[in-house]
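Asks: Those sequence lines, one after another, are chains A and B.
The opening residue of the first sequence carries number 1 in our numbering; numbering runs sequentially from there.
The opening residue of the second sequence carries number 127 in our numbering; numbering runs sequentially from there.
Everything labelled a hint here was simulated from the structure, so no lab data went into it.
Note that this is a predicted model, so its numbers are computed, not measured.
Even for Gly, the Cβ is constructed at its ideal location relative to N, Cα and C.
It is possible that some hints are incorrect.
[As the list claims (entries may be wrong)] Heads up, incomplete: computed chain B residues facing chain A, CB under 10 Å, no partners named:
id	residue
1	Met127
2	Arg130
3	Lys131
4	Leu149
5	Met153
6	Val176
7	Met191
8	Leu194
9	Trp196
10	Leu203
11	Ala214
12	Val240
[As the list claims (entries may be wrong)] Residues of chain A clear of chain B, computed beta-carbon distances all greater than 10 Å:
id	residue
13	His45
14	Ser48
15	Ser52
16	Pro54
17	Leu61
[What the hints assert, rightly or not] Label pairs and their calculated CB-CB ranges:
id	chain 1	residue 1	chain 2	residue 2	range
18	B	Gln165	A	His103	38 to 48 Å
19	B	Pro247	A	Ile100	14 to 24 Å
20	A	Ile112	B	Thr228	14 to 24 Å
21	B	Asn128	A	Arg41	16 to 26 Å
Chain residues, written in single-letter form:
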Amino acid sequence: MRDLYAWLSIAAIVLASTTGDVLLSHAMKQIGDLGELRRRRGLFHVISRVVSTPNFLFGLLAMTFAFYSLLMALSWQDVSLVAPASASLTFIANAVAARIFLHERVDHRRWIAALLVAGGVALVAI
Amino acid sequence: MNLRKYLVLLGVVIFGASGDAFLSRGMKQLGEIPLDHWQKIIFAVVHPWVAVGVLLLLAFFASYMTALSWADLTYVLPATSIGYVLLAFIAKFALHENVTATRWLGIVLIAAGVGFVAQGPALTHHPHNEEARESEVLSRGKA
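The following block holds chain B by itself, in its conformation from the complex (with noise of 0.2 Å):
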């Protein structure tokens, strides 16, 4: 792990975060979308503050890619899930969304989590991962 991972790693957390408060917020302006309505939410991406979450959530997705191409899936994950606090304070402050006691602790055990992946490996490694890697090398050195 090096300083441009735990960047890439950051982005995930805040793209991610901020997505999901857009998202909540146009879809909150749309309204209840009722079953029998179902079409209603493939044109919900044309809302402006829905829009916006898309396009922050592409950026998360580009980040979230990125992590997965160097790290394990049971890293990355709880790792980013610092996220979810971000969220928790863009929903009370700024979504004015009513965030209870038991909610708080909820988000602060899962905060918990982080602390404890975070400080394990990132990758499993595979030792046909190390040779699917060498042959590539092989070949390239070949070319």
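Same shape as in the complex, but just chain A (with noise of 0.2 Å):
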């Protein structure tokens, strides 16, 4: 039941991070270069402007979810499994999710990469 209970936080981790990824990654591209605006505006102008944008603060709550989840998890197994195996996982997932929703530009490099992590990912679980 420990093991069982392990996997369905992590799969419950993975569907969270993977949806707070994509909306933060898209609210950070919506603002722009921080360090950039940073240096034009200020610290307190990029602050506000982060937390005033509607997929950050949404991203957010998944990945407040998915820091639960994590704390589940890690209270049934070891961190060497269960942090490498969620966030792994939630590498492939976001690969695909980046090409759907964000339309990144995801190239062989980035497949390859996509599938030794994948490979360590299943080496890590066993």
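Two chains, each in its own frame: build the complex with the hints.
Replies: Below is the structure:
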């Protein structure tokens, strides 16, 4: 049961953090280079600009859910299994989601990276 | 990509791995949380180790958001997954978790993924992005 719970939490982490990553990435692209913006308008402007972007807030909500699922998973399994397994599976889900929703050019280099990470996950999870 | 941007990526790696390690130590001390007592998870964040982990993860989040403001999601994620190698070392030497040979091999594969993606371009150029930037520059010029 302990393993089943851990893997269910890992699935929840993957789903929530992929949703979060896509929303946050979209929000940040809307705002543009934060370092450049800080130099031009100051840190306060950067913070108020970020927290007033709706996609950032929705992304943050999804990330909060992912965080609590991570705490649940960590109470059942080792961090050296939970953290790489959930984050690398998230990475593969993200490659697909970024291509569909963010229209990123996921070239052969990025797919090879995805496959290597997928292989890594399988070994880490054995 | 310049030195400032590589430092931001390094921040994502270090704050992320150390934050996860602190959370793990804290949650191990709290023990397993049964599903019928799920409310306990809400108060877990006041445990000292978990609290420090949360602070480190906030620093991770700030660097992560900065990186996403100038690079693709499919670049930032693999480029910073070298953090799992760091996390495996922390898990073995500081948390004394048992990191088996197959887990190490898996971690090496994840790290190899980093090598591939890091050589490519960091950002996909969308025509509408550039139009948006140009119109922003124009409106600033007018103001």
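Asks: Take the shortest C-beta to C-beta distance between B/Met127 and chain A; is it under 10 Å?
Replies: violated, 12 Å
Asks: Is the shortest C-beta separation between B/Leu203 and chain A less than 10 Å?
Replies: holds, 5 Å
Asks: Holds or violated: is there a CB of chain A closer than 10 Å to the CB of B/Leu149?
Replies: holds, 6 Å
Asks: For the restraint on B/Arg130, tell me whether the closest CB of chain A is nearer than 10 Å.
Replies: Because about 6 Å separates B/Arg130 from the closest Cβ in chain A, which is inside the 10 Å limit, the hint holds.
Asks: Should the interface hint for B/Lys131 be scored as holding, given a Cβ-Cβ cut-off of 10 Å against chain A?
Replies: Check passed: Cβ of B/Lys131 comes within 8 Å of chain A, closer than 10 Å.
Asks: At 10 Å, judged by beta carbons, does A/Leu61 keep clear of chain B as stated?
Replies: Non-interface label stands for A/Leu61: nearest chain B Cβ at 14 Å, farther than 10 Å.
Asks: Let's test the interface hint: is any C-beta of chain A closer than 10 Å to that of B/Val240?
Replies: At about 7 Å, which falls below the 10 Å cut-off, the nearest Cβ of chain A leaves the hint on B/Val240 intact, so it holds.
Asks: Restraint: B/Trp196 near chain A, CB-CB cut 10 Å. Satisfied or not?
Replies: holds, 5 Å
Asks: Is it correct that the beta-carbon of A/Ser48 has no partner in chain B closer than or equal to 10 Å?
Replies: With a cut-off of 10 Å, A/Ser48 remains clear of chain B, as the shortest Cβ separation is near 14 Å.
Asks: Does the claim that A/Pro54 lies outside the interface with chain B hold up, using a Cβ gap greater than 10 Å?
Replies: Since the minimum Cβ distance to chain B is about 15 Å, A/Pro54 lies beyond 10 Å and the statement holds.
Asks: Grab the minimum beta-carbon distance between A/Ser52 and chain B and tell me whether it stays above 10 Å.
Replies: Non-interface label stands for A/Ser52: nearest chain B Cβ at 14 Å, farther than 10 Å.
Asks: Verify the CB-CB distance for B/Asn128 and A/Arg41 against the hinted window 16 to 26 Å.
Replies: holds, 21 Å
Hint 1 alone, counting from the list given before, is not met by this structure.
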